[in-house]
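2 protein chains.
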Amino acid sequence: MRVGIIGAGQLARMTLESASALGIDAVVLAETPNESAARTASQVRIGSPHDTVAIRALAAEVDVVTFDHELVDLELLSALESEGVVVWPSSRTLLNSVDKAAMRRLCERHALPGPIFVIIGASDRVDVADLGQLLGWPLVLKAARGGYDGRGVYIVDGPAEGARVIDELQAAGTGIVAEAKVDIVKELAVLVARRPGGETVIWPAVETAQIGGVCREVLLPGSVDPDLAERAEALARQIAEAVDLVGVMAVELFDTTERLLVNELAMRPHNSGHWTQDGSVTSQFENHLRAVLDLPLGSTSMTAPAVASVNIFGGPEGSPSLDDGMAGALAVPGAHVHLYGKETRPGRKLGHVTVTGEDAGTARRLAWSAAAALGTEVPREIGEQIR
Amino acid sequence: MRVGIIGAGQLARMTLESASALGIDAVVLAETPNESAARTASQVRIGSPHDTVAIRALAAEVDVVTFDHELVDLELLSALESEGVVVWPSSRTLLNSVDKAAMRRLCERHALPGPIFVIIGASDRVDVADLGQLLGWPLVLKAARGGYDGRGVYIVDGPAEGARVIDELQAAGTGIVAEAKVDIVKELAVLVARRPGGETVIWPAVETAQIGGVCREVLLPGSVDPDLAERAEALARQIAEAVDLVGVMAVELFDTTERLLVNELAMRPHNSGHWTQDGSVTSQFENHLRAVLDLPLGSTSMTAPAVASVNIFGGPEGSPSLDDGMAGALAVPGAHVHLYGKETRPGRKLGHVTVTGEDAGTARRLAWSAAAALGTEVPREIGEQIR
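Respectively, the protein sequence lines represent chains S and W.
Add 1011 to a position in the first sequence, counting from 1, and you land on the number used in my numbering.
Add 1011 to a position in the second sequence, counting from 1, and you land on the number used in my numbering.
Just to be clear, a hint being listed does not mean it is correct.
Since the list can't tell identical chains apart, any single copy or any two copies may satisfy a pair.
[Claimed, not checked] Restricting the straight-line Cα-Cα distance to at most 20 Å, the calculated cross-link-like pairs of lysine to aspartate or glutamate (DMTMM-like) are: (1) K1353 / D1074; (2) K1197 / D1238; (3) K1353 / D1036; (4) K1360 / D1036; (5) K1192 / E1269; (6) K1192 / E1172; (7) K1353 / D1255.
Honestly, the hints are just simulated from the structure, not real lab data.
My request is simple: use the sequences and hints to build the entire structure.
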């Protein structure tokens, strides 16, 4: 069994760890030999995810093509599919994570709850004041394609600022999704794995803390009540069927007290699921491989009552290096440190640390303490909570 | 942090999985590019563990040299140490696993319990009848160096057979350890990790089933009573100090009802510790890396009350291939399948499967069921017990 992975970031790197354990041969397509997974893979091909020749060559040497990221060429993938190449998730499924407008239309078609939205094509003329009238100020403008980790998302306060952002995005050739800004009580994420034929497993819903559009921590059970978690998990199952998912998908959700709203979809292992490596019987990376190879999926049960996973970011200039911080981080009881093999740079995501335990509060404090030892600045709002 | 591993078998492969997670750079020295770890490593050097040039080149490019196996050149390692190369475990520690005569002398020096023994040098003359008089018939003859997985161990019934084995081994240039054959009630193993400076962690003692000198399953807690387990763990700690261990060591023990006897030592991650990947907070592979890099050691707590780990062996000609058996194995609830990337061959160790749970009997049945799906023949005596 041989899998080709387009992209060589940390998701590919962690997928390779699972592939090694399962005895699965894996090849990664990296843009440069310095990328996270290119540093650990035994089989690396160099090429862009948009390079037809590179993608075709990769497809020719593997049983299934899958992905580390969503910056892919859907037309090329669709052409390969029609030639008989096995691509999972499929280009039709991927469309819903590559293109936020397609995702919102999907939600509408399946009556999935989301904020009110308006789709603005790359060359559509739009009256921004009318848009504000409809959605309310401030409103959210998102690049339909190409954004990630908070990039490509703008919260605008009035018509002048809105018009400027729309002009800029349209000039860059992208469509726009305008959404009503909702009052978020908390953010949740649900991870689901699905096999061709429909076998589906769902991990328990997690609470995530996003600061500046970037995921800082994942808590389980966090403050999510079981009823809400159950509704979130049911939504994830419904979406997995609607998009005919094969592989792992993350569904990011807003809890707005009245309603649970779909925020984003990712058709791959996801930051909100890194806790599964140490806190679940089967990790998201292993189940992604099992799903795309059409093998039975593994249990998504937790291995402990509580899990906290905290992202490691490069601190400001002069912060300790990862090497210097490692002893301090590993001295934290139960800290599972995962590093991505990247050079430290202020604000760069370098890894994560997961702690499991009896009690979410303790696991969270320990995980932050290990992340801080590795140079991660603790955001003020989180620091106050874990004090 | 950069580690060089001499040898590229499955132990190196699984160590690489942990190195990837910890962001540790690793290089393996393989004899051929087809070996287990050479198939997954991003950095492979080709060379024999006895090739001075290859070993020196490896040492020059890493922070610490460690091992996948014990078929190493102690004199070469000792020379490197005196030149300042960091080698863990050290050549002095390794001597006690490379050479069974040295290990027995160690036991004697430290009053560690073992069978009565006689050491016979490669050119010593010995009266085999006297030997039988002293140790009793049948007695056990072991090649002092070079044996593994039951190879190099002979149980002989009388003087004629004994003389023949001794002649053969001496002709091959190896010394011999002659031991009284003991009545084994069960076999145990204890895994310990120790850092330079002495920080030591010990995993709970396991029961192992050896059939034909080959480990077939590892059970935890198995039928080992807590008092016996505690004594075994104390012995392992004592030995780790006596050999000034740095890294992971496995201590294999015989329970003879009256006494717990030291059987073998291995100065590396060991088959009896594969359960730690899925059943312990920290795996033996991760703690081996942490120890040789002088980083704080991780918790050895179990993640479930019971664990069973069963080795996967190639079945007779015509057995299903691993690829064919994978769906059946992964359909077993909670089965963690680990394959080593080796071609199937009858009797060849190809992987292992670990199941954790509330109850050792259930975990054992499930683990055997997954191993059987992958072509492993269930030994009659075990089949009867799990029926």
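I want to check one pair: K1353 and D1255. Are their C-alpha atoms no more than 20 Å apart within a copy, between two copies, both, or neither? The answer is neither: 34 Å in one copy and 35 Å across copies each exceed 20 Å.
Using 20 Å as the alpha-carbon threshold, which applies to K1360 and D1036: within, between, both, or neither? between (27 Å within a copy, 19 Å between copies)
Regarding K1353 and D1036, is the shortest C-alpha distance of 20 Å or less found within a copy, between copies, in both, or in neither? between (24 Å within a copy, 11 Å between copies)
Copy assignment of K1192 with E1269, given that the CA separation must stay at most 20 Å: This pair counts as within: shortest intra-copy Cα distance 14 Å, inter-copy 75 Å.
Up to 20 Å between alpha-carbons, please classify K1197 paired with D1238: within, between, both or neither. within (15 Å within a copy, 49 Å between copies)
Classify it for me, K1192 with E1172: is the Cα-Cα distance of at most 20 Å met within a copy, between copies, both or neither? Answer is within: at 15 Å inside a copy they meet the 20 Å cutoff, but 87 Å across does not.
Could you place K1353 and D1074 in one of the four classes (within, between, both, neither) given a Cα distance threshold of 20 Å? between (29 Å within a copy, 19 Å between copies)
Checked against the numbered hints listed earlier, the structure breaks hint 7 alone; every other hint is satisfied.
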